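Engineer: Work the whole structure out from these sequences, hints included.
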Amino acid sequence: MSTSYDAIVVGGGLLGSAVGYGLARQGLRCTILDEGDVAYRAARGNFGLVWVQSKGIGKPIYADWTMGSAERYPEFSTELLDRTGIDTSYSAPGGIHICLNDEEYEDRVEKMSTLTSHQNGRFKHEMLDRKAMLERLPALGPEVVGGSYSPHDGHVSPLYLMRSMQRAFVDLGGEIKNDNRVLDIQKSGDGFSVRTANENFSTARIVLAAGLGNKALAPMVGLEQPVRPVKGQIIVTERQAPFLDMPTTHARQTGEGTIMIGDSHEDIGFDIRSTPQVMQTIANRARRSFPVLSKAKIVRTWGALRVMTPDGLPIYDQSETMPGAFTAACHSGVTLAATHAMVYAKYVADGQLGRELEGLSVRRFDV
Amino acid sequence: MFKRVINDAIADVVFDFEGAKITARSGESVAAALLADDLLSFRQTPVKDLARGPFCMMGVCFDCLMVIDGQPNRQACQVVATSGMKVARQHGAAELNIDQADPA
Numbered sequence: 004m005s006t007s008y009d010a011i012v013v014g015g016g017l018l019g020s021a022v023g024y025g026l027a028r029q030g031l032r033c034t035i036l037d038e039g040d041v042a043y044r045a046a047r048g049n050f051g052l053v054w055v056q057s058k059g060i061g062k063p064i065y066a067d068w069t070m071g072s073a074e075r076y077p078e079f080s081t082e083l084l085d086r087t088g089i090d091t092s093y094s095a096p097g098g099i100h101i102c103l104n105d106e107e108y109e110d111r112v113e114k115m116s117t118l119t120s121h122q123n124g125r126f127k128h129e130m131l132d133r134k135a136m137l138e139r140l141p142a143l144g145p146e147v148v149g150g151s152y153s154p155h156d157g158h159v160s161p162l163y164l165m166r167s168m169q170r171a172f173v174d175l176g177g178e179i180k181n182d183n184r185v186l187d188i189q190k191s192g193d194g195f196s197v198r199t200a201n202e203n204f205s206t207a208r209i210v211l212a213a214g215l216g217n218k219a220l221a222p223m224v225g226l227e228q229p230v231r232p233v234k235g236q237i238i239v240t241e242r243q244a245p246f247l248d249m250p251t252t253h254a255r256q257t258g259e260g261t262i263m264i265g266d267s268h269e270d271i272g273f274d275i276r277s278t279p280q281v282m283q284t285i286a287n288r289a290r291r292s293f294p295v296l297s298k299a300k301i302v303r304t305w306g307a308l309r310v311m312t313p314d315g316l317p318i319y320d321q322s323e324t325m326p327g328a329f330t331a332a333c334h335s336g337v338t339l340a341a342t343h344a345m346v347y348a349k350y351v352a353d354g355q356l357g358r359e360l361e362g363l364s365v366r367r368f369d370v
Numbered sequence: 208m209f210k211r212v213i214n215d216a217i218a219d220v221v222f223d224f225e226g227a228k229i230t231a232r233s234g235e236s237v238a239a240a241l242l243a244d245d246l247l248s249f250r251q252t253p254v255k256d257l258a259r260g261p262f263c264m265m266g267v268c269f270d271c272l273m274v275i276d277g278q279p280n281r282q283a284c285q286v287v288a289t290s291g292m293k294v295a296r297q298h299g300a301a302e303l304n305i306d307q308a309d310p311a
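Sequence order for the protein chains is A and B.
In this text, residue positions in the first sequence follow the numbering used here: the first is 4, and each later residue adds one.
In this text, residue positions in the second sequence follow the numbering used here: the first is 208, and each later residue adds one.
What the hints contain is simulated information worked out from the structure, not anything from laboratory work.
Computed from a predicted model, the values in this text were never measured in an experiment.
Among the clues, some could well be false.
No farther apart than 27 Å at their CA atoms in a straight line, the calculated lysine-lysine pairs in the DSS-like style are these [said to hold, decoys possible]: (1) B/Lys293 - A/Lys300; (2) A/Lys298 - B/Lys210; (3) A/Lys190 - A/Lys218; (4) A/Lys134 - A/Lys298; (5) A/Lys218 - A/Lys180; (6) A/Lys349 - A/Lys190; (7) A/Lys300 - B/Lys255; (8) A/Lys349 - A/Lys180; (9) A/Lys298 - B/Lys255.
Structural biologist: See below:
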């Protein structure tokens, strides 16, 4: 005896919740199977940037996909607010990348011009000198030489985003089943049978969106998922009166007033501890950017694992041997949430991935 | 509302709370002394501007935040009262004063 669904999403993180909500929005009877709190949960470490100006440099396909999601964000967050009453604190005042020396600045100029050349003018940005930077962010310190500004960038509360997507999903009849680590997936008639630690399910479609868990799950549907953990550590300060009008790559002020400091990258396996050395590094960069932060008290630090692919770009596939089974993996669960819910979920419902995703297949890693 | 369990010791510490003289026993936290003086509202929250007071008295709830000797957002339950201290309620979020920033 098993419960039957139109679609099962494996993974209840930002990616799985966005896809689940998107499928429920299409009218599919859908459940999200979540491993439970033993999962590594990349969503815990999300910084909350809806960020265009660093994504897909040299990879136009990813730059386009990211831009598409950023462009859908206003409609997406309004839709979630209307459905759930939860304000995700989304705002898009533009975003700034701060350069602390000439070398960083020159590197930035080159990166931004590469990104511009990908998109026929769709990507807008300005390189700002020190004076222009100070006009936008008066709290910048004396070491700042300049930076890049992009009007496409913004930020959102990852916690409220997650909650609103899950609430909207449940309100549309979706079910979230925790403590259901998927143990086995088998082809069964026109669909699949799924066995978890607690229950059996049958479904017409299945989307594997389990982050680092996808590595073990993908072979069950005839696919590969070469993902590895990249640790990020985050520092959060006490709430402060607003002083930072727009998010930056390394520091942003949340709607509640706390300042989040982050953007560390460590390739050290399944380790989520926060360490003094890395905290010192990211805190120092934040203090050099905004000296006033040396007055702010830190209230919490933590680490989490990003879901990283070999080239840093997302992976989307439908199984050739088991059509109806999809895999999705990315490290930008917040930025891409709007497109995952509003575009990708449609592809899954239709049983056909869009052509723009052909270059994001795992086949790109075949030699 | 709150009474000291032991009342034999001498309250020999005197500090200033928004212009009022508060007495405390040696070793008492600022929060304990103020609760004993019937103060319930220690701060106004930054987002909804609601009154809050000490809840846990052990440093985890962050609801007893006050301005102590000019420093905002101090946990009053974790600061031992000393004579001459200046204590005030924390109204909303702390201000990061850009002009007074330490050079990096």
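Engineer: If a hint holds in the structure, say so; if it does not, say that too.
Structural biologist: Verification of the hints:
1. B/Lys293 - A/Lys300: holds (20 Å)
2. A/Lys298 - B/Lys210: Since the Cα atoms of lysine 298 of chain A and lysine 210 of chain B sit roughly 36 Å apart, the hinted pair is violated (cutoff 27 Å).
3. A/Lys190 - A/Lys218: holds (19 Å)
4. A/Lys134 - A/Lys298: It holds: about 24 Å lies between the C-alpha atoms, which stays within 27 Å.
5. A/Lys218 - A/Lys180: Given pair lysine 218 of chain A, lysine 180 of chain A holds - Cα atoms ~21 Å apart, limit 27 Å.
6. A/Lys349 - A/Lys190: Distance of about 22 Å is within 27 Å: holds.
7. A/Lys300 - B/Lys255: holds (21 Å)
8. A/Lys349 - A/Lys180: Holds, at roughly 22 Å.
9. A/Lys298 - B/Lys255: holds (24 Å)
Checked against the numbered hints listed earlier, the structure breaks hint 2 alone; every other hint is satisfied.
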